Amino acid sequence: MTNTERKTSGFGINQIIPIVAAVMSIAFIWLGLNKYGFWHSAKGPMPGFFPVVISVAMLFASILAFVFSFKEEAPVFPVANWLVPLSVACIIGATFLIGLIPSVAVYVLVWLKAYEKCTWKTTLITFAAIMAVVIGCFVLWLGVPFPKGLIYNALFS
Amino acid sequence: MENIELLLQGFAVLFTFQNILATILGAVLGLIIGAMPGIGSLAGVALLLPLTYKFNPTTAIIMLGSLYYANMYGGAFSAILLNIPGDSPAVMTSLDGYPMATVKKRPGQALLTSNLSSFIGGLIGMIILTFTGPALANVGLKFGPAEMTALLLVAMTSIGWLVGENPTRGVLLTMFVIMLASMGMDTLSGSPRYDFGSIYLLGGIPFTPFVIGIVGFAQVIKLMEDRNIQTKAAAEKLTIRGSMITRHDFRRLLPPALRSGFLGTFVGVLPGAGATTAAFLGYATQKSFKSEEPLGTGAIEGIAACEAANNGAAAGAFAPLLALGIPGSGTGAVLLGGLMMWGLNPGPLLFVNEPDFAWGLIASLFLANLITLAIAWGVIPFLIKILSVPTKLLIPCITVVCIVGSYSTSNSMYGVLVMFLSGILGYVMQKSRYATPPVLLAFVLAPLLESNMRKAFIISRGSLNIFFAKPISLVLMIALFAILLFPVVRPALVKAGLIKIKEPKS
Amino acid sequence: MKKFLSLTALALVLGTVSPLFAEGAAESSSAAFAPSKDIEWIVTSSPGGGSDIYTRVITDIMTKGNLSGGQTFLVTNKTDGGGEVGRLMVSRVAAGKAADHTLLTFNSGDLMPMVKNTANRLENFTPLALMAVDKQLLFIGEMSKYKTFAEVIDAIKAGGNAVIAGSKGDDVATYELLIKELGFTENQLAFITNDATSAAITSILGGHVDLVLSKPAAADQYVAAGKLTPVLALSKTRFTGNLASAPRLSEIGNYKDVEYPVWRGIVGPKSMSPAAAKYWSDAFKAVSDSATWQKDYIGKYKLLADFMPYEAAKTFMAEFEAGYLKSIGK
Numbered sequence: 665m666t667n668t669e670r671k672t673s674g675f676g677i678n679q680i681i682p683i684v685a686a687v688m689s690i691a692f693i694w695l696g697l698n699k700y701g702f703w704h705s706a707k708g709p710m711p712g713f714f715p716v717v718i719s720v721a722m723l724f725a726s727i728l729a730f731v732f733s734f735k736e737e738a739p740v741f742p743v744a745n746w747l748v749p750l751s752v753a754c755i756i757g758a759t760f761l762i763g764l765i766p767s768v769a770v771y772v773l774v775w776l777k778a779y780e781k782c783t784w785k786t787t788l789i790t791f792a793a794i795m796a797v798v799i800g801c802f803v804l805w806l807g808v809p810f811p812k813g814l815i816y817n818a819l820f821s
Numbered sequence: 007m008e009n010i011e012l013l014l015q016g017f018a019v020l021f022t023f024q025n026i027l028a029t030i031l032g033a034v035l036g037l038i039i040g041a042m043p044g045i046g047s048l049a050g051v052a053l054l055l056p057l058t059y060k061f062n063p064t065t066a067i068i069m070l071g072s073l074y075y076a077n078m079y080g081g082a083f084s085a086i087l088l089n090i091p092g093d094s095p096a097v098m099t100s101l102d103g104y105p106m107a108t109v110k111k112r113p114g115q116a117l118l119t120s121n122l123s124s125f126i127g128g129l130i131g132m133i134i135l136t137f138t139g140p141a142l143a144n145v146g147l148k149f150g151p152a153e154m155t156a157l158l159l160v161a162m163t164s165i166g167w168l169v170g171e172n173p174t175r176g177v178l179l180t181m182f183v184i185m186l187a188s189m190g191m192d193t194l195s196g197s198p199r200y201d202f203g204s205i206y207l208l209g210g211i212p213f214t215p216f217v218i219g220i221v222g223f224a225q226v227i228k229l230m231e232d233r234n235i236q237t238k239a240a241a242e243k244l245t246i247r248g249s250m251i252t253r254h255d256f257r258r259l260l261p262p263a264l265r266s267g268f269l270g271t272f273v274g275v276l277p278g279a280g281a282t283t284a285a286f287l288g289y290a291t292q293k294s295f296k297s298e299e300p301l302g303t304g305a306i307e308g309i310a311a312c313e314a315a316n317n318g319a320a321a322g323a324f325a326p327l328l329a330l331g332i333p334g335s336g337t338g339a340v341l342l343g344g345l346m347m348w349g350l351n352p353g354p355l356l357f358v359n360e361p362d363f364a365w366g367l368i369a370s371l372f373l374a375n376l377i378t379l380a381i382a383w384g385v386i387p388f389l390i391k392i393l394s395v396p397t398k399l400l401i402p403c404i405t406v407v408c409i410v411g412s413y414s415t416s417n418s419m420y421g422v423l424v425m426f427l428s429g430i431l432g433y434v435m436q437k438s439r440y441a442t443p444p445v446l447l448a449f450v451l452a453p454l455l456e457s458n459m460r461k462a463f464i465i466s467r468g469s470l471n472i473f474f475a476k477p478i479s480l481v482l483m484i485a486l487f488a489i490l491l492f493p494v495v496r497p498a499l500v501k502a503g504l505i506k507i508k509e510p511k512s
Numbered sequence: 039m040k041k042f043l044s045l046t047a048l049a050l051v052l053g054t055v056s057p058l059f060a061e062g063a064a065e066s067s068s069a070a071f072a073p074s075k076d077i078e079w080i081v082t083s084s085p086g087g088g089s090d091i092y093t094r095v096i097t098d099i100m101t102k103g104n105l106s107g108g109q110t111f112l113v114t115n116k117t118d119g120g121g122e123v124g125r126l127m128v129s130r131v132a133a134g135k136a137a138d139h140t141l142l143t144f145n146s147g148d149l150m151p152m153v154k155n156t157a158n159r160l161e162n163f164t165p166l167a168l169m170a171v172d173k174q175l176l177f178i179g180e181m182s183k184y185k186t187f188a189e190v191i192d193a194i195k196a197g198g199n200a201v202i203a204g205s206k207g208d209d210v211a212t213y214e215l216l217i218k219e220l221g222f223t224e225n226q227l228a229f230i231t232n233d234a235t236s237a238a239i240t241s242i243l244g245g246h247v248d249l250v251l252s253k254p255a256a257a258d259q260y261v262a263a264g265k266l267t268p269v270l271a272l273s274k275t276r277f278t279g280n281l282a283s284a285p286r287l288s289e290i291g292n293y294k295d296v297e298y299p300v301w302r303g304i305v306g307p308k309s310m311s312p313a314a315a316k317y318w319s320d321a322f323k324a325v326s327d328s329a330t331w332q333k334d335y336i337g338k339y340k341l342l343a344d345f346m347p348y349e350a351a352k353t354f355m356a357e358f359e360a361g362y363l364k365s366i367g368k
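Residue numbers (my numbering), protein chains in the order written: chain A, 665 to 821; chain B, 7 to 512; chain C, 39 to 368.
Since the hints were made in silico from the structure, they are not lab data. Just so it is clear, the structure is predicted and the values come from calculations on it, not from any experiment. Please note that a few of the clues may not be correct.
[Claimed, not checked] Computed beta-carbon distance windows for the label pairs: (1) B/I10 - C/E224: 49 to 57 Å; (2) A/K777 - C/D320: 49 to 57 Å; (3) B/F474 - A/V720: 21 to 29 Å; (4) C/K218 - B/I489: 44 to 52 Å; (5) B/I10 - C/E180: 23 to 31 Å; (6) A/V803 - B/M250: 35 to 43 Å.
[Claimed, not checked] Within a straight-line C-alpha distance of at most 30 Å, the following computed BS3-like cross-link-like pairs (lysine-lysine) qualify: (7) C/K218 - C/K274; (8) B/K148 - A/K777; (9) A/K781 - B/K437; (10) B/K148 - C/K364; (11) C/K206 - C/K195; (12) A/K707 - C/K154; (13) A/K812 - C/K102; (14) A/K777 - B/K476; (15) C/K75 - A/K812; (16) C/K368 - A/K707; (17) C/K75 - B/K476.
For glycine and all other residues, C-beta sits at the position ideal for the given N, C-alpha and C.
Chain A extracted, bound-state conformation (with noise of 0.2 Å):
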């Protein structure tokens, strides 16, 4: 499986992650010590002593993982997987000013039409499916009280 074009790292995310891991290490030892204490005579280990000792252990990983990180491949990365995250960061986003179900439910709607280019009566199927599922389950029956958004607020309140 000779791929003469896949990339050995230069400087990607396999050197990022044990950068960001180290950095992360360093400022809990650091707030472990200073802040939170480490042993106490009679008590024994105090709130900073585990999370510093593991901050070490990570410390030597992130090390390790980094110098190891040169000899490995990059990952692979598809451009569309990332359209799934974006989707629900939008729906995060349009739940303050529509509500949760309503901003779940145009994105289902968005996505099979728009995006997957799914025929109506997919769409709609589909579509019934899960709003059944979660407004039967979570909504009437569990009685979760799902956000309803500024303009809902504005107009009912």
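Given the coordinates of chain A, assemble chains B and C onto it according to the supplied hints.
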């Protein structure tokens, strides 16, 4: 045997039309709730508690018990079919369940294995509960902070088995997650820790949305790559008969299920350890035994070990709950609240003052086990249909369920945000070949380990003696050192001829 | 003629307009508040827990007794940030209908972490009522090496030590008051904080600690079963029933009685109108007086009914907050 008589009396209480109906209803609801990612048994029991208000106390309690119990069955469904565990105990089930359903194309068999193992594990738990309930609870009491620390250290070493091919990365991710778990309120000191000034982080990172994200949502993102692959005819054999397992399969699942059933029951009794810990320990134990196929590739033994353990733990948790009035977990606490609201007081006097109720409840668990198995079995063909839904339709649907489920855990968008971020994290990590299974165990076990360790040190005034002075703890510490030193000592033992090396198969 | 017409016109105009003014005056003096929409009740802990049960018992009694003007209660559990997010949200509800229809379950165990860990203070809320008060005791288990609290004190003075297990929040404050009164250090009489009293009781039943600090409700059945024995009443008066044998601190030695007020109350947002506050306060008084409350909650959970309407509750809670702030050095 007095207990059997009492149990039979319990069955007499149980076998009224209304009570049986309540058991069935509880089982169905529990299955549905259990299968939904996001609603774990804690939220499920809490949300369904009001439904039981309409009935009289005995019926209500029976329904509640069967509901709690059926939850454990349901969690495996979405784990096996979609690789999205319905609740945290089901996480381990997905490790072998999902490959068996998709790669090995035996979804019906996977589901049936899970159901049967759950049944066996639960049955073992209940039998143990019946005969030794209060005594078992007392054994659990002996596990104080020092003993739990030792036990959890042993458990943590088994995480090593799960880190996969790249230990450095596995360790890195595990440590990272432990650090995430330490953010929030530190109970022992009463002060917040690593909250970076955020009011949300004062409560730490909530477990359920985190799990949904890092396992479930990450999975959905990854599914985008598969959406155009035509699902080959997994549609054959949609009948119940088509999902039957062979006699050979059954013989494979029986030993792990029996072993894990006992292990799970015992773990369920321990303070603080719950079904998730039990499932993990069951799976880790299975690693030391022979499995026909390697674990993690769709081995029946893997599914059997986890599911039996988590149902065993659900049953085992009733021992301290009923006999001592001590809830072993959050779900137990809700159950306890529900029981108390009905005027029943679990505790040392329960079996003395209200034997009818206590044994009726235990009897109902047996019945719930049986009924849930039957329903779960019958539902398999219907569930398999889910697999034949084109991936491209599944993606938005699962995304929606992840979002709605995460919101429901705390009635706030914070849960959704956590799910979103941990989903991206899980996806990036998986792609970069950082193994994710140890993550959930670390998130659950590490805080337990830390709090028990600190409590032990407070009791011993900062001295290490406590871990070696008490018998249970001493035994566990010896086991711990044995496990840690084994890789080092092994070459020497091989040389001395004490251990044979297996010839690798060509 | 013109003058007459314009005077008449003026009189007519004034005649039609004046009732509005009269209405306005009447409204501000005798406007009775009545709930006119769903009431949102926030509970900052998870379903099934103590505060949750407390809230649902109250809403139940109010709905059945028609104390909510026929409106429904929407009890919502908001547990983010250990409850701080929910409390902050309630404190910020804007004036008007929303504020008058928002309630928050608020206990001593909620106030303490709130002022300790955030900038939120009691002044951002409208106290509405105090419903019940609770106190604590120290217990020994079957395996404890000390049989009375006097023995504990003597042993510590002779150089030994003891460990108390308790729950977070109120128990910690009581413990600190206790060691201060006794003049011991944390090392001599240590405290292990658990997430819930049940975990503390587990540890003493297993013989891992010497004493457990608990409210009567949690310990009751263990005392009845003989597994726990009360050895110290953290109260100015002795308890009754099977807890009567526990002495107060002043009876054991030359100490003042130690008692830490543990209370359960209800508050509303700061911008709740006074009329609404009075309405809710009266409604809660009716709840407190009801037989159902006395039997199904106070009696069952062994609390002390100690109702305070909104003005008294405000003074009480404010004093409590000031005292606590001082004790943690803020």
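Evaluation of the provided hints:
1. B/I10 - C/E224: 49 to 57 Å: Roughly 51 Å apart at Cβ, these two residues keep to the hinted range, so it holds.
2. A/K777 - C/D320: 49 to 57 Å: holds (56 Å)
3. B/F474 - A/V720: 21 to 29 Å: For A/V720 against B/F474, whose Cβ atoms are near 25 Å apart, the range 21 to 29 Å holds.
4. C/K218 - B/I489: 44 to 52 Å: holds (46 Å)
5. B/I10 - C/E180: 23 to 31 Å: holds (29 Å)
6. A/V803 - B/M250: 35 to 43 Å: holds (38 Å)
7. C/K218 - C/K274: holds (17 Å)
8. B/K148 - A/K777: violated (60 Å)
9. A/K781 - B/K437: holds (28 Å)
10. B/K148 - C/K364: Given pair B/K148, C/K364 is violated - Cα atoms ~40 Å apart, limit 30 Å.
11. C/K206 - C/K195: holds (27 Å)
12. A/K707 - C/K154: Holds, because 22 Å separates the two Cα atoms, which is no more than 30 Å.
13. A/K812 - C/K102: Judged against 30 Å, a Cα distance of about 29 Å means the pair holds.
14. A/K777 - B/K476: violated (66 Å)
15. C/K75 - A/K812: holds (16 Å)
16. C/K368 - A/K707: The given pair, whose Cα atoms are some 25 Å apart, holds under the 30 Å limit.
17. C/K75 - B/K476: Cα-Cα ~61 Å, so violated.
The structure is inconsistent with the numbered hints 8, 10, 14, 17, although it conforms to all the rest.
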